[in-house]
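Asker: Just need the whole structure built from these sequences, with the hints factored in.
2 protein chains.
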Amino acid sequence: MIRIGIYGYGNLGRGVENAIRQNDDMELVAVFSRRDPASVKINTPGVAVCRAEDAENMSDKIDVMIICGGSATDLPVQTPALAKLFNVVDSFDTHAKIPEHFDRVDEAAKASGKTAMISVGWDPGMFSLNRLYGSAILPDGKDYTFWGKGVSQGHSDAIRRVDGVADGKQYTVPVQAALDAVRSGSAPELTTREKHTRECFVVAKDGADKAKIEQEIKSMPNYFADYDTTVNFISQEELDANHAGIPHGGFVIRSGKTGADLENTHIIEYSLKLDSNPEFTASVLVCFARAAARMNAEGMSGCKTVFDVPPAYLSSKSGAELRKNLL
Amino acid sequence: MIRIGIYGYGNLGRGVENAIRQNDDMELVAVFSRRDPASVKINTPGVAVCRAEDAENMSDKIDVMIICGGSATDLPVQTPALAKLFNVVDSFDTHAKIPEHFDRVDEAAKASGKTAMISVGWDPGMFSLNRLYGSAILPDGKDYTFWGKGVSQGHSDAIRRVDGVADGKQYTVPVQAALDAVRSGSAPELTTREKHTRECFVVAKDGADKAKIEQEIKSMPNYFADYDTTVNFISQEELDANHAGIPHGGFVIRSGKTGADLENTHIIEYSLKLDSNPEFTASVLVCFARAAARMNAEGMSGCKTVFDVPPAYLSSKSGAELRKNLL
Numbered sequence: 001m002i003r004i005g006i007y008g009y010g011n012l013g014r015g016v017e018n019a020i021r022q023n024d025d026m027e028l029v030a031v032f033s034r035r036d037p038a039s040v041k042i043n044t045p046g047v048a049v050c051r052a053e054d055a056e057n058m059s060d061k062i063d064v065m066i067i068c069g070g071s072a073t074d075l076p077v078q079t080p081a082l083a084k085l086f087n088v089v090d091s092f093d094t095h096a097k098i099p100e101h102f103d104r105v106d107e108a109a110k111a112s113g114k115t116a117m118i119s120v121g122w123d124p125g126m127f128s129l130n131r132l133y134g135s136a137i138l139p140d141g142k143d144y145t146f147w148g149k150g151v152s153q154g155h156s157d158a159i160r161r162v163d164g165v166a167d168g169k170q171y172t173v174p175v176q177a178a179l180d181a182v183r184s185g186s187a188p189e190l191t192t193r194e195k196h197t198r199e200c201f202v203v204a205k206d207g208a209d210k211a212k213i214e215q216e217i218k219s220m221p222n223y224f225a226d227y228d229t230t231v232n233f234i235s236q237e238e239l240d241a242n243h244a245g246i247p248h249g250g251f252v253i254r255s256g257k258t259g260a261d262l263e264n265t266h267i268i269e270y271s272l273k274l275d276s277n278p279e280f281t282a283s284v285l286v287c288f289a290r291a292a293a294r295m296n297a298e299g300m301s302g303c304k305t306v307f308d309v310p311p312a313y314l315s316s317k318s319g320a321e322l323r324k325n326l327l
Numbered sequence: 001m002i003r004i005g006i007y008g009y010g011n012l013g014r015g016v017e018n019a020i021r022q023n024d025d026m027e028l029v030a031v032f033s034r035r036d037p038a039s040v041k042i043n044t045p046g047v048a049v050c051r052a053e054d055a056e057n058m059s060d061k062i063d064v065m066i067i068c069g070g071s072a073t074d075l076p077v078q079t080p081a082l083a084k085l086f087n088v089v090d091s092f093d094t095h096a097k098i099p100e101h102f103d104r105v106d107e108a109a110k111a112s113g114k115t116a117m118i119s120v121g122w123d124p125g126m127f128s129l130n131r132l133y134g135s136a137i138l139p140d141g142k143d144y145t146f147w148g149k150g151v152s153q154g155h156s157d158a159i160r161r162v163d164g165v166a167d168g169k170q171y172t173v174p175v176q177a178a179l180d181a182v183r184s185g186s187a188p189e190l191t192t193r194e195k196h197t198r199e200c201f202v203v204a205k206d207g208a209d210k211a212k213i214e215q216e217i218k219s220m221p222n223y224f225a226d227y228d229t230t231v232n233f234i235s236q237e238e239l240d241a242n243h244a245g246i247p248h249g250g251f252v253i254r255s256g257k258t259g260a261d262l263e264n265t266h267i268i269e270y271s272l273k274l275d276s277n278p279e280f281t282a283s284v285l286v287c288f289a290r291a292a293a294r295m296n297a298e299g300m301s302g303c304k305t306v307f308d309v310p311p312a313y314l315s316s317k318s319g320a321e322l323r324k325n326l327l
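Protein sequences, first through last, are from chains L and W. For the first sequence, this note's numbering assigns the number 1 to the initial residue and increments by one for each residue that follows. For the second sequence, this note's numbering assigns the number 1 to the initial residue and increments by one for each residue that follows.
Quick caveat, the hints were computed from the structure, so don't treat them as lab data. Beta carbons: idealized from backbone N, C-alpha and C, even for Gly. Possibly wrong hints are sitting among the right ones.
[Claimed, not checked] For lysine-lysine, the following DSSO-like pairs were computed, each having C-alpha atoms within a straight-line distance of at most 27 Å:
(1) W:324 - L:142
(2) W:195 - L:324
(3) W:317 - L:110
[Said to hold, decoys possible] Over the 12 Å line for every Cβ pair with chain L, so calculated as not near, a few chain W residues:
(4) 49
(5) 50
(6) 61
(7) 113
(8) 140
(9) 157
(10) 184
(11) 205
(12) 215
(13) 225
(14) 269
Answerer: As structure tokens, then:
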């Protein structure tokens, strides 16, 4: 049995807890939280909820710590610190800062002899893997990543900060015409505006100026100004009834050419359609935790990413079983 | 530079030759053929065409031999024999016989200290990888593989053996309604007939009984009897003009569930749309040849499959570049 700890118990941590139950070779040992443990109710009977600072005393009881904090301020501190004590997996997703995060975590994990897997999930994660496989197979080609349809937490937060807004949710939507153009093999150059639209569902406060809210959202730099954005005003009841979920997904497409005169076109497409973004991310984290435990047992320490993991290490099945049934 | 040999020079071998030209870190050293070398014209100026039996004298000049023979009778003999002398890659695609092929090749490669990569391509190969990733991420789920639309060489050969047939081509076509049902997340049970149809383009000999040909094709066991098959009679000119290509492709879909009560559904889909089946397969072989060279340099010998290869080994880019640009 691989003994797992969960560090941070929000949507992602709860997803990891559920995913562990779906894997017979894993058991949840403890959940660590910065909140008062007495106030944290978890779903797994008999498992301890501990204070975050108690983790350091449990390094012999946990094979892999899955760190479920946020990328902005939690993971840059937590992952290097915990990699001194545990094999760890995190979902660090600030793409531009991955190299520096990697270096910090690598130093800690090499010193401790632990295996630390960063930026695991679907983007970064499974989407990255598909960008890598696609570009290795078809070097003369072009990559496209589309996100959605799905809820962007960052854009939803931005809407809710607008004056006069009581609540709101934002969906990122890939543009069908752009997807079709990519799939045709024409390898188009696409602007930000051509690839995605942004769809907002907004609950205005009583008496708020809706025209002003709409204008403010649509002109918000970085978040909305570069996109075709639609703003729909709805009631809180409608928002709660129809927009409570956290669906997401997207597409990674490689369009490339082969042949003596590059006369043949090939399209590789990977897509996800997810009812729950945090639960799917959690499921990816859990199978990479299995790989982290195995790689550490074989002496592969230091910081790793999805690019470094032999796929067979993700499965609970033996090499012979995999070759017989899945190859 | 990684020095490559091509063993067998048909459609696949020519595809490998073209793919090597697309990869700056590789060079073609020699092509080996069972035909008289003087009769074999290749596309790369200055590269030697050698007799198959001369390969044994060139083990110090070639880093990886890419074996481009057929799975029925060539590869079961060639891959174990060549793995005694070279790192090798093959595209052995008889799924049911992979375990015994693996064992034979593993014995040879372990004895020689070489790295032998078998069953590389898209199915087995990239489709297998996606079946593995999908089932590791979503253990409560179901796998679906669809092939096509594309030319099946085996079925085309079967048509051409029918009495009265001068020429013919067969396309395997996935059934749209079945694909839609799988994508809906309903996890349907599908029969062979429900998943694919078979479309035949047949040139009849002068005076042949077309009704009898059609009947014979549609009732052929294993090949057509279990499918809804359509037979179109066309002229040789039309066959040559419209059906000369070797396109193929397909879909691997994982439909799975997560959540405390498995209430959330996720769909992972990987698809290929290929203008040239052998050229795409060749492109996959070439990037796995890079991995074979690297794994051997790091002491990982024996038989390997796509499941054993850390994805980063497929790319000519460094780990730091990959993390910066693709993660």
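Asker: So, for every hint listed, does it hold in this structure?
Answerer: Do the hints match the structure? See the list:
1. W:324 - L:142: 17 Å, holds
2. W:195 - L:324: Satisfied, since the Cα-Cα distance of roughly 23 Å is no more than 27 Å.
3. W:317 - L:110: Between residue 317 (chain W) and residue 110 (chain L) the Cα gap is close to 23 Å, so the pair holds against 27 Å.
4. 49: 17 Å, holds
5. 50: At about 22 Å from chain L, residue 50 (chain W) clears the 12 Å cut-off, so the statement holds.
6. 61: Its Cβ never comes within 12 Å of chain L, the nearest being 25 Å, so this holds.
7. 113: 19 Å, holds
8. 140: 6 Å, violated
9. 157: 23 Å, holds
10. 184: At about 10 Å from chain L, residue 184 (chain W) fails to clear the 12 Å cut-off, so the statement is violated.
11. 205: Its Cβ never comes within 12 Å of chain L, the nearest being 32 Å, so this holds.
12. 215: 36 Å, holds
13. 225: Since the minimum Cβ distance to chain L is about 26 Å, residue 225 (chain W) lies beyond 12 Å and the statement holds.
14. 269: For residue 269 (chain W), whose nearest Cβ neighbour in chain L is about 5 Å away, the distance does not exceed 12 Å, so it is violated.
Against the hints set out earlier in the document, violations occur for numbers 8, 10 and 14.
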